[in-house]
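Trainee: Using the sequences plus the hints, can you model the full thing?
Given next are the chains, with one letter for each unit.
There are 2 protein chains.
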Amino acid sequence: MGGDYGLDVTVPASLDCLKDNPDLMLILVGDEVLLKQHLAQALVDYQGRLSIHHASQCVAMDESPSKALKNKKDSSMRVAINLVRDGVADACVSAGNTGALMATARFVLKMIPGVDRPAIVSTLPSIYGHTHALDLGANVDCTAEHLFQFAVMGAELVKAIEHIDRPKVGLLNIGEEEVKGNEQVKAAAKLLENSSLNYIGYVEGDSLTAGNVKVDLIVADGFVGNVALKSIEGAAKMMSASLKEAFGKNLLTRMAALAAYPVLKALKKRIDPRRYNGASFLGLRGLVIKSHGGADVLAFKTAIQLAEIEAKNDVIRKVSEQIQLVLAQRESI
Amino acid sequence: MGGDYGLDVTVPASLDCLKDNPDLMLILVGDEVLLKQHLAQALVDYQGRLSIHHASQCVAMDESPSKALKNKKDSSMRVAINLVRDGVADACVSAGNTGALMATARFVLKMIPGVDRPAIVSTLPSIYGHTHALDLGANVDCTAEHLFQFAVMGAELVKAIEHIDRPKVGLLNIGEEEVKGNEQVKAAAKLLENSSLNYIGYVEGDSLTAGNVKVDLIVADGFVGNVALKSIEGAAKMMSASLKEAFGKNLLTRMAALAAYPVLKALKKRIDPRRYNGASFLGLRGLVIKSHGGADVLAFKTAIQLAEIEAKNDVIRKVSEQIQLVLAQRESI
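Chains as they are written, first to last, in the working numbering: chain X, 12 to 344; chain L, 12 to 344.
Note: identical chains are not told apart, hence a pair may lie in one copy or across any two.
Mimicking DSSO-like on lysine-lysine, the simulated pairs with C-alpha atoms at most 27 Å apart in a straight line are:
no.	residue 1	residue 2
1	K260	K248
2	K201	K225
3	K191	K84
4	K260	K225
5	K329	K121
6	K279	K30
7	K30	K323
8	K191	K121
9	K201	K191
10	K81	K191
Hints in this document: simulated from the structure, not taken from any laboratory.
Mentor: Structure (structure tokens):
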């Protein structure tokens with residue numbers, strides 16, 4: 012029910028995914044009457060793979076997380092997460108209110124033992140592969156220990172979904188020299204140096220979009236990670252707008268745009284943020300994928316596909332086991 | 012003497028500026044013999060407006076700030092800052108080692124009374140005007156009071172060089188709602204709300220490149236500001252590289268590139284980072300402008316022009332007076 016466009020996006024995206032992947036089963040959680048209207052023929056076409064689970068409420072995009080948690084016990088969001096908790100669903104995908112989704116997921120699913128805080132992890136576009144980064148905004152005022160736990164969880168996720176043995180882990184900082192950084196980052200560097208992770212040291216903000224040659228996973232405080240993510244989105248938007256304006260200027264430039272059209276279209280596709288939609292909540296005892304609220308059909312499809320990949324690769328079990336292992340190693344020292 | 016290209020960039024840029032602006036006087040500080048070789052004819056052409064001031068040492072780009080401060084008392088950087096302190100020069104422009112420049116400037120010029128820490132301020136490109144931001148990396152672990160002082164100094168700078176009466180000041184945060192943010196930012200917001208500044212509230216990372224319709228000055232901790240700046244640079248580099256690759260793919264796309272060439276060239280010029288080169292150290296009792304180390308002639312010229320603008324508009328005096336005023340207001344409460 013969530014996101015800026017509700018069922019107009021989530022339903023077509025779901026049906027596209029069912030068409031593309033014969034192994035996929037989807038439970039659409041929300042207003043039964045509305046969903047039935049949207050799904051009429053699809054319920055027949057995808058019998059056995061598509062079902063509706065009724066939820067009488069809906070969390071508004073601007074509702075406060077605490078209010079949603081208290082007053083919306085039968086919201087589509089809450090019910091979908093309940094299905095994950097109960098083992099009925101392998102993952103929950105939502106384009107709804109981020110804060111409410113995180114609060115509800117944390118309340119219903121609980122944290123993986125040993126993890127202090129959940130983190131938001133996502134991939135960032137580049138021309139050579141891509142980089143994963145966390146935390147992108149779940150936490151502020153992180154301690155070194157929090158950053159260390161993010162690194163352990165993130166590395167395990169990258170390992171599982173990218174099939175890399177030892178992902179290269181970097182700490183986001185304002186310089187690569189050892190003396191640089193704030194207190195948390197310097198202390199986190201010490202923890203990472205003494206860990207079994209493939210820690211490569213400090214990286215700067217430009218590494219986020221430089222691909223995976225140097226680094227596979229970038230770890231940051233959620234305040235810093237979120238500002239960096241939004242800054243990148245802003246810069247990309249600014250450049251796209253400039254490109255559009257430059258080609259739209261006059262008759263001559265519009266003719267040039269015609270000639271350049273196939274190239275610009277291919278470029279747009281390549282760095283299309285919709286192909287990177289979907290962020291995972293890491294640290295919970297169940298899979299929850301957050302789609303951008305403004306996602307269109309293609310973008311929401313990407314988020315569903317991410318849920319599929321993470322579920323198939325058993326990310327939650329692997330992250331939990333790795334966290335227990337790291338904690339046990341630490342206790343034995 | 013500084014920067015990645017030394018005199019090959021700084022000398023031609025200086026001569027270009029002298030040519031463009033008949034009011035400008037330049038003192039080039041560095042190795043006299045080398046400078047004379049580079050300036051032979053220019054010293055005649057610009058007699059009375061161009062001079063050489065000898066300095067026997069040079070700070071390396073990777074030298075530690077403390078070592079530079081201790082061992083390089085006759086470096087071009089130190090001597091140039093001495094000239095500012097002694098009133099011989101109105102501003103110092105350097106493409107050298109940032110850390111050493113900051114440490115030396117702070118040691119030689121001292122802080123404006125009442126200012127706890129100096130900040131680095133610069134402009135960011137956009138398609139509609141531009142935004143100023145600070146701190147871009149001088150400080151980490153900033154308190155709310157530091158952020159407040161940055162806002163007071165930055166607003167005064169923007170007022171002076173952009174000729175705006177009440178620049179719109181925003182605090183960089185991870186959401187625009189009141190509950191969002193880390194401890195420092197929330198406390199800084201309270202200080203700004205109770206100040207005489209034109210404080211517009213929280214802004215997110217994408218505002219940095221969204222122009223000056225909404226906000227003229229964005230205030231952040233130096234760690235966050237630096238990560239955001241580098242993230243924007245990285246995103247711009249990624250998009251440029253993608254554009255280049257897309258147009259270079261095959262014969263057809265290269266023909267399209269020919270047709271699009273004038274447009275791409277105009278676009279490149281418009282968002283050219285060289286046109287935004289030059290960051291000011293704010294909070295010191297003298298003008299110091301830091302150019303990007305990798306600056307070319309055009310970029311270094313921009314940094315010299317920024318020094319001219321700030322000197323002409325008496326930025327240091329105005330910032331000092333404003334800080335005294337704010338402190339006095341506070342004491343009288």
